[in-house]
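Given next are the chains, with one letter for each unit.
Number of protein chains: 2
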Amino acid sequence: MDLEELCKNAHEARIKVGMLDTDVKNRVLEDAADALLAGEDEILAANALDVENGRAHQMPESLVDRLSLNHERLEGMADGLRQIAGLDDPVGEVLSMKKRPNGLIIGKRRVPIGVIGMIFEARPNVTSDAFGLCFKTGNCVILKGGSDAIHSNIAIVKALKTALVKNDVTGDALNLIEATDRETTTRFMKMNRYVDLLIPRGGRGLIQSVVEQATIPVIETGTGNCHIYVDQAADLAMAVNIIRNAKTQRIGVCNACESIVVHEAVAAEFLPMLYDALKESNVEMRTDETAQECLGGGRPLVVPAKEEDWGTEYLDYILSVKTVKDIEEAIAHINRYSTSHSDAIITKDYDRAQKFLNEVDSACVYVNASTRFSDGNEFGFGAEIGISTQKLHARGPMGLEALTSYKYIIYGNGQVRK
Amino acid sequence: MDLEELCKNAHEARIKVGMLDTDVKNRVLEDAADALLAGEDEILAANALDVENGRAHQMPESLVDRLSLNHERLEGMADGLRQIAGLDDPVGEVLSMKKRPNGLIIGKRRVPIGVIGMIFEARPNVTSDAFGLCFKTGNCVILKGGSDAIHSNIAIVKALKTALVKNDVTGDALNLIEATDRETTTRFMKMNRYVDLLIPRGGRGLIQSVVEQATIPVIETGTGNCHIYVDQAADLAMAVNIIRNAKTQRIGVCNACESIVVHEAVAAEFLPMLYDALKESNVEMRTDETAQECLGGGRPLVVPAKEEDWGTEYLDYILSVKTVKDIEEAIAHINRYSTSHSDAIITKDYDRAQKFLNEVDSACVYVNASTRFSDGNEFGFGAEIGISTQKLHARGPMGLEALTSYKYIIYGNGQVRK
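Sequence lines, in order, name chains A and B. Residue numbering for the first sequence follows the numbering used here, starting at 1 and increasing by one per position. Residue numbering for the second sequence follows the numbering used here, starting at 1 and increasing by one per position.
These are computed hints drawn from the structure, not numbers from a lab. Hints may be right or wrong, so weigh each one.
Below, a list of computed lysine-lysine pairs in the BS3-like style, where the Cα atoms sit at most 27 Å apart [as the list claims (entries may be wrong)]:
1. 325(B) to 8(A)
2. 108(B) to 348(A)
3. 108(B) to 355(A)
4. 348(B) to 16(A)
5. 306(A) to 8(B)
6. 279(B) to 306(B)
7. 348(A) to 418(B)
8. 306(B) to 8(A)
9. 8(A) to 166(B)
10. 355(A) to 99(B)
11. 418(A) to 348(B)
12. 108(B) to 98(A)
13. 108(A) to 98(B)
14. 306(B) to 348(B)
15. 190(B) to 161(B)
16. 161(B) to 99(A)
17. 325(B) to 348(B)
18. 16(B) to 166(B)
19. 108(A) to 16(A)
20. 355(B) to 108(A)
21. 98(A) to 108(A)
22. 108(A) to 348(B)
23. 8(A) to 166(A)
24. 325(B) to 16(A)
25. 325(B) to 306(B)
26. 161(B) to 16(B)
27. 166(A) to 355(B)
28. 16(B) to 348(A)
29. 16(B) to 325(A)
30. 16(B) to 108(B)
31. 190(B) to 325(A)
32. 418(B) to 279(A)
Sample of chain A residues lacking proximity to chain B, with all beta carbon distances greater than 12 Å (derived) [said to hold, decoys possible]:
33. 4
34. 48
35. 82
36. 105
37. 298
Glycine included, every Cβ here is placed at the ideal spot set by N, Cα and C.
Generate coordinates for the entire structure from the input sequences, incorporating the hints supplied.
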């Protein structure tokens, strides 16, 4: 189908999809979970083709791993859909309703956004996740996955669509752009006449390209250069434990810690403790001069930091280490280099904890906890479509509510304006 | 000053401005109101120069009127600032705070957006309004006004800035881009590194150009092709009264009615009644064939509608008139041609009132009231920065809350992720 026609059809279907009762939406999600498992042979065969093509084109093993599906992963996708079916439906909630002096009753009602576009890379599980979250919130979704996963995505969407058919719901609720050329992607980003929101999920390059080219409103997600600041009044054992967790518990994720900032007064005591804890995981420490002095010479895994280290999201067993003379310098450093995702302070001092919470301009600001908690499930949302690093519409982990808008409904009895 | 430097300075000042206490912000706003009046001679002289230039370049009288300042208008601007000082400060409100099973306490706190850019045309009052609303919500603002009002804007900003100086607040809270060439405007729209939100205020051309070129997130405002649907169960006298109000009470505004949709069953009775009411104001009716038949031939001010009439925001004494055979056709017509601003149904029928509220995809949907109420003051917000016609972040009239974002603040005592 032509791209514009596909977008237009989704746009026209948005009213009907937005009005579906929660019961119907939940039945579709349960049936879609069943359909994924019923379609296992076909989906895994398609996925094997993608993996084979990837290997033939020298795809790195870490990407092959993200791309690969098997029975367990497909069950995980199905479970994800069932979990979304179990969540409360936010659509229709009246957020406020007030009577004005002239008798008008003005209500603010939560409604679907309409048509949501997702542009993502070679992670086929995003296909069912995005459908589940968008459909539960009454939105039509248009998916543009990476070319590396195209066979997998076609097979998954085919299975999911059977659940729409079975429940007499329009197939325009779920759309996959099958063309994988760059020109189609660029045209898609400019379909603001039909698409209300674009969420890119992937690396920084993808997100930047969408921000620069799209005329559809975009929510930026995902890049996380997360900092932990060790204050002079920190419990140092707690600081070691939290940084070890935030750095090494899972390295390839956006809420992993990439940089620590340490107050000079505790650096000499703290950094050797941290070094001992991190060397078990072979974490390389890229340090400024003061930190290097605190660690003494000749240690393996300690190298001087360069300017570009402060702004780098490694997603690897590497940590940059910066020392500061006070909290003002720490906050200024973090506000300069952070991607405004998640940053933490470790301290027992009340005033500095408050100051850090107030002045660090990030989506999630922590006192005495690991940045790894920045996640829709950990925040209690039950699901997550991504983590917004911008300030408009949604910030931080985005659950179902982030996929809704609102409208004003006004009940009158003949009022006119004076 | 160089544009990039100006944007960067505002970006760096955002933390301090965002932390100002409400008392300080209110004192600045009161002092700014005084400063406008104290600077009256200088401001009116600058404005006279703009008006003279406008006239010399054949500016239409309606635009000259919007551009012109006098003592009363300056007092209106000062009153506007005082009114904003009197509103509650939304910044700092904790929207929710919950304890998670692992003991983490996660709060959602309302914070300023950061740096807000406004691009607007030749209405110098927007300069003080935008400053007042953005400053009250702890944001730094960067103003890019029309070249036609540049002398007025420079004089107004100079006066407003004295209030910042007097209260020891950084001048970077309020910035005016003095260059008026198109290239500067285009560069400004791409300063997404420093500017968090761009609000264009003006005609459709300006807004489209911003949507197409900006990399900064944009909120579209203002264009309103508003409809009123007269159902077969309408109180026809009420319908006449509401349409007369919505069409003629003030014609050049975005919430004025531009098009009516009438059920066939009442068109023959209703349209002559409406005609009689509107002819007092010389309203031209551009009608489809059925409506024309209902009105009979030979009436002055009745002309056939063309296809482009359905999508036109006249901002004039013109009304398009469409007849439909049922509410489904009415809703489909409205969802196709409306700018999603404000649309109304006039009916006594419960089911159709509900259906209209549910299915018309606009920011403000009315039953039995004039669309002219779509306004921040009428909605009880106390002020308004514009009316959003998009679905992200803010929809409909935008008060102070629309100029805020939120951040998550997380209190832990050593939690790490399992």
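Okay, the hints, checked on the actual structure:
{"no.": "1", "hint": "325(B) to 8(A)", "verdict": "holds, 25 Å"}
{"no.": "2", "hint": "108(B) to 348(A)", "verdict": "holds, 22 Å"}
{"no.": "3", "hint": "108(B) to 355(A)", "verdict": "holds, 16 Å"}
{"no.": "4", "hint": "348(B) to 16(A)", "verdict": "holds, 24 Å"}
{"no.": "5", "hint": "306(A) to 8(B)", "verdict": "holds, 24 Å"}
{"no.": "6", "hint": "279(B) to 306(B)", "verdict": "holds, 21 Å"}
{"no.": "7", "hint": "348(A) to 418(B)", "verdict": "holds, 23 Å"}
{"no.": "8", "hint": "306(B) to 8(A)", "verdict": "holds, 24 Å"}
{"no.": "9", "hint": "8(A) to 166(B)", "verdict": "violated, 55 Å"}
{"no.": "10", "hint": "355(A) to 99(B)", "verdict": "holds, 22 Å"}
{"no.": "11", "hint": "418(A) to 348(B)", "verdict": "holds, 23 Å"}
{"no.": "12", "hint": "108(B) to 98(A)", "verdict": "holds, 24 Å"}
{"no.": "13", "hint": "108(A) to 98(B)", "verdict": "holds, 24 Å"}
{"no.": "14", "hint": "306(B) to 348(B)", "verdict": "violated, 31 Å"}
{"no.": "15", "hint": "190(B) to 161(B)", "verdict": "holds, 26 Å"}
{"no.": "16", "hint": "161(B) to 99(A)", "verdict": "violated, 39 Å"}
{"no.": "17", "hint": "325(B) to 348(B)", "verdict": "holds, 18 Å"}
{"no.": "18", "hint": "16(B) to 166(B)", "verdict": "holds, 16 Å"}
{"no.": "19", "hint": "108(A) to 16(A)", "verdict": "holds, 20 Å"}
{"no.": "20", "hint": "355(B) to 108(A)", "verdict": "holds, 16 Å"}
{"no.": "21", "hint": "98(A) to 108(A)", "verdict": "holds, 9 Å"}
{"no.": "22", "hint": "108(A) to 348(B)", "verdict": "holds, 22 Å"}
{"no.": "23", "hint": "8(A) to 166(A)", "verdict": "holds, 23 Å"}
{"no.": "24", "hint": "325(B) to 16(A)", "verdict": "holds, 20 Å"}
{"no.": "25", "hint": "325(B) to 306(B)", "verdict": "holds, 19 Å"}
{"no.": "26", "hint": "161(B) to 16(B)", "verdict": "holds, 16 Å"}
{"no.": "27", "hint": "166(A) to 355(B)", "verdict": "holds, 26 Å"}
{"no.": "28", "hint": "16(B) to 348(A)", "verdict": "holds, 24 Å"}
{"no.": "29", "hint": "16(B) to 325(A)", "verdict": "holds, 20 Å"}
{"no.": "30", "hint": "16(B) to 108(B)", "verdict": "holds, 20 Å"}
{"no.": "31", "hint": "190(B) to 325(A)", "verdict": "violated, 35 Å"}
{"no.": "32", "hint": "418(B) to 279(A)", "verdict": "holds, 20 Å"}
{"no.": "33", "hint": "4", "verdict": "holds, 16 Å"}
{"no.": "34", "hint": "48", "verdict": "holds, 33 Å"}
{"no.": "35", "hint": "82", "verdict": "holds, 21 Å"}
{"no.": "36", "hint": "105", "verdict": "violated, 10 Å"}
{"no.": "37", "hint": "298", "verdict": "holds, 31 Å"}
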